[in-house]
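Residue numbers (our numbering), protein chains in the order written: chain X, 24 to 289; chain P, 24 to 289; chain L, 24 to 289.
Be aware that a few hints might be false.
Identical copies look the same in the list; a pair holds intra-copy or inter-copy alike.
Once the Cα atoms are required to be at most 20 Å apart in a straight line, the calculated SDA-like pairs of lysine to any residue come out as [what the hints assert, rightly or not]:
1. K39 with S159
2. K200 with N108
3. K39 with A273
4. K200 with S93
If you're looking for bench data, these hints aren't it; they were derived computationally from the structure.
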Amino acid sequence: MSGTIPAGLLAAVREKRPLVHHITNSVTINDCANITICIGAAPVMAEAPEEVAEMVAAAGALVLNIGTLSAEQVEAMLIAGRRANELGIPVVLDPVGAGATRFRTETARRLLDALDIAVLKGNAGEIGVLAGAGGSVRGVDSCGVAGDLVEAAVECARTTGTVVAMTGEIDVVTDGKRVFLVRNGDPAMDRLSGTGCMAASVTGAFAAVADDYAVSSASALAALGRAGERAAAGARGPYSFRTAFFDELAGLSLDDLSRHARIEER
Amino acid sequence: MSGTIPAGLLAAVREKRPLVHHITNSVTINDCANITICIGAAPVMAEAPEEVAEMVAAAGALVLNIGTLSAEQVEAMLIAGRRANELGIPVVLDPVGAGATRFRTETARRLLDALDIAVLKGNAGEIGVLAGAGGSVRGVDSCGVAGDLVEAAVECARTTGTVVAMTGEIDVVTDGKRVFLVRNGDPAMDRLSGTGCMAASVTGAFAAVADDYAVSSASALAALGRAGERAAAGARGPYSFRTAFFDELAGLSLDDLSRHARIEER
Amino acid sequence: MSGTIPAGLLAAVREKRPLVHHITNSVTINDCANITICIGAAPVMAEAPEEVAEMVAAAGALVLNIGTLSAEQVEAMLIAGRRANELGIPVVLDPVGAGATRFRTETARRLLDALDIAVLKGNAGEIGVLAGAGGSVRGVDSCGVAGDLVEAAVECARTTGTVVAMTGEIDVVTDGKRVFLVRNGDPAMDRLSGTGCMAASVTGAFAAVADDYAVSSASALAALGRAGERAAAGARGPYSFRTAFFDELAGLSLDDLSRHARIEER
Numbered sequence: 024m025s026g027t028i029p030a031g032l033l034a035a036v037r038e039k040r041p042l043v044h045h046i047t048n049s050v051t052i053n054d055c056a057n058i059t060i061c062i063g064a065a066p067v068m069a070e071a072p073e074e075v076a077e078m079v080a081a082a083g084a085l086v087l088n089i090g091t092l093s094a095e096q097v098e099a100m101l102i103a104g105r106r107a108n109e110l111g112i113p114v115v116l117d118p119v120g121a122g123a124t125r126f127r128t129e130t131a132r133r134l135l136d137a138l139d140i141a142v143l144k145g146n147a148g149e150i151g152v153l154a155g156a157g158g159s160v161r162g163v164d165s166c167g168v169a170g171d172l173v174e175a176a177v178e179c180a181r182t183t184g185t186v187v188a189m190t191g192e193i194d195v196v197t198d199g200k201r202v203f204l205v206r207n208g209d210p211a212m213d214r215l216s217g218t219g220c221m222a223a224s225v226t227g228a229f230a231a232v233a234d235d236y237a238v239s240s241a242s243a244l245a246a247l248g249r250a251g252e253r254a255a256a257g258a259r260g261p262y263s264f265r266t267a268f269f270d271e272l273a274g275l276s277l278d279d280l281s282r283h284a285r286i287e288e289r
Numbered sequence: 024m025s026g027t028i029p030a031g032l033l034a035a036v037r038e039k040r041p042l043v044h045h046i047t048n049s050v051t052i053n054d055c056a057n058i059t060i061c062i063g064a065a066p067v068m069a070e071a072p073e074e075v076a077e078m079v080a081a082a083g084a085l086v087l088n089i090g091t092l093s094a095e096q097v098e099a100m101l102i103a104g105r106r107a108n109e110l111g112i113p114v115v116l117d118p119v120g121a122g123a124t125r126f127r128t129e130t131a132r133r134l135l136d137a138l139d140i141a142v143l144k145g146n147a148g149e150i151g152v153l154a155g156a157g158g159s160v161r162g163v164d165s166c167g168v169a170g171d172l173v174e175a176a177v178e179c180a181r182t183t184g185t186v187v188a189m190t191g192e193i194d195v196v197t198d199g200k201r202v203f204l205v206r207n208g209d210p211a212m213d214r215l216s217g218t219g220c221m222a223a224s225v226t227g228a229f230a231a232v233a234d235d236y237a238v239s240s241a242s243a244l245a246a247l248g249r250a251g252e253r254a255a256a257g258a259r260g261p262y263s264f265r266t267a268f269f270d271e272l273a274g275l276s277l278d279d280l281s282r283h284a285r286i287e288e289r
Numbered sequence: 024m025s026g027t028i029p030a031g032l033l034a035a036v037r038e039k040r041p042l043v044h045h046i047t048n049s050v051t052i053n054d055c056a057n058i059t060i061c062i063g064a065a066p067v068m069a070e071a072p073e074e075v076a077e078m079v080a081a082a083g084a085l086v087l088n089i090g091t092l093s094a095e096q097v098e099a100m101l102i103a104g105r106r107a108n109e110l111g112i113p114v115v116l117d118p119v120g121a122g123a124t125r126f127r128t129e130t131a132r133r134l135l136d137a138l139d140i141a142v143l144k145g146n147a148g149e150i151g152v153l154a155g156a157g158g159s160v161r162g163v164d165s166c167g168v169a170g171d172l173v174e175a176a177v178e179c180a181r182t183t184g185t186v187v188a189m190t191g192e193i194d195v196v197t198d199g200k201r202v203f204l205v206r207n208g209d210p211a212m213d214r215l216s217g218t219g220c221m222a223a224s225v226t227g228a229f230a231a232v233a234d235d236y237a238v239s240s241a242s243a244l245a246a247l248g249r250a251g252e253r254a255a256a257g258a259r260g261p262y263s264f265r266t267a268f269f270d271e272l273a274g275l276s277l278d279d280l281s282r283h284a285r286i287e288e289r
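When you get a sec, could you build the whole thing from the sequences and use the hints?
If you want it as structure tokens, here you go:
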């Protein structure tokens, strides 16, 4: 895919500044808010059942993340998700830790069943579990998937009817037909809590300005990965990397992204 | 207003190190804790109904922030707020997102009705909504106010009987009679999640050592804005700005604040 | 104690990468996740009663922190703690703010009574309160303890039957018989929110690869303190210190820790 496509979507995010409504975990909620600002969108976090339907109506995308889920929070996700579906607002689901506990696996499946999810963004273990492809998850970390990563992602996309964005050394994005491999990124991103959650936030921001969620998700991961590459150059450790990562994403030029996005359609 | 006034209050915060009890949102709670330490005070976050009345009794100020409110949290705010009122401890209210949903607007009004709020700190949209002056809010961001900012702030102060601290490019602080315009700050502060919440924390710390909450609030915003100005000088993006912002506030000299505070009484 | 002991334990953490299950406060939860990664372990935060027993079964240690406790969270701590005890997984308790409110003091005592706590990590005020030795706590900060620090720690260890790790200018670690004084660290660590919580996370990671929790706790505090010493050298304020602190812990060499750990058995 030409780099002009992610660059064009990034320009659209910065111009339209969509509101991205998050119902997310308490660990990385601040990272998600700030990364959403850095990409050029506007974050809002709200999970009271009294307000989620009203809040999501003003949003360009809804991001659901089960990283520190509770029964009450899941109910709020369902309320917000149903309203988003009614209004045609794309919903991104990050099934953090699916496979690690039954509660997480079942909640991810329940959200996939009850809602029309536009993009399912997870690591290989989580996607493998939800595809029924033998994924393995410890805590919130992928321990891999039995067999081929691309096949697991395609199978998951077909089973769930969503675009699947499987993050890893090479990100795999697929709608079950097309497959995009995103080769941007840096290993330093794995040594920081929350890069997966941030990927969901940025995926939401891009979905808010797109119709083709496979293209927008691959573009979002390329933009984030490119910022990671630039940030890793001068970092002395995970926290100086973090500082540079947010700085680089905020300052990422359309020209740089256009030239350095590495998205291959397979 | 002479810069010696904010400098004198900053010296008092650092000397007395008041405890600032927060009941606040989960997005910026860490920023609020650290900014409170940086200004020279001591933060505590506690919202269990079992303990808030006891905790607030040891505090110099109570900061209530509805950024990720829940029905349970609002009840805790009412318990803590009533106890603070009984003890004469100033209460700062940050009505985050008032105007964006009915739940937020009604909760802000409910807290204003039920409690004696010393300082209402919000952006122009939030204050405009609470003044009935046609404010507009999307998510947690101000989309401005119909008509004159100063008039909206004064109207809100008169209606609510509080000191209003309306943050923006120029901060407006008023008790309904006097109006202070604070011209410190930098646009980089707007590109970081949580600067509004941090302003409420610092406003609380200053209120804890003052009697005149209009003067203390203008002084708090001048100190925070001055740290922002100094931090912006060398920042390469929002996160290197963030690092410098906390460093600069912690290291802000009384002499620098005295010379560079720009508070105009209008 | 020879520096080869903490260095050996650090090597074991990095090799085994134990999962450290946290049920913790919302203020420093992100710091705890990232410090756990920086020391070489894997964090997971989970507190839904539906999943904590299953999650902890995969963990090498469980860290309980009452910094923003609620009645529901305490129930989850009890479920997770009982399961950890059944499985022989060490439990670290951080009684944040014990002494500041009855709810915190009673909850800390309740957890100590109901669970087999491996390590009780607190500041002097908290440990003094739990030892019945006249500790004093304001908010979450120690205001000291009546009498000798070491005696209070030893008394607390004997009363509770746990290893006590009392942090301060000099950390005191004791199982009631042996006493280790850890002289690593820097005052900059006190000017940052969450260093105490991070100490509990690192103590958990070290406990996961050890049998002798007094030795592992002293080693954990020496490693953290050594990272603080190295970070303080170049810091311009609390947030540049923070960046350097995480970087230095992630990059801490076994050789450096071996040579600079200052653990004295008294």
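Outcome of the hint check:
1. K39 with S159: between (39 Å within a copy, 18 Å between copies)
2. K200 with N108: Intra 23 Å, inter 49 Å, cutoff 20 Å: neither.
3. K39 with A273: within (15 Å within a copy, 36 Å between copies)
4. K200 with S93: neither (34 Å within a copy, 42 Å between copies)
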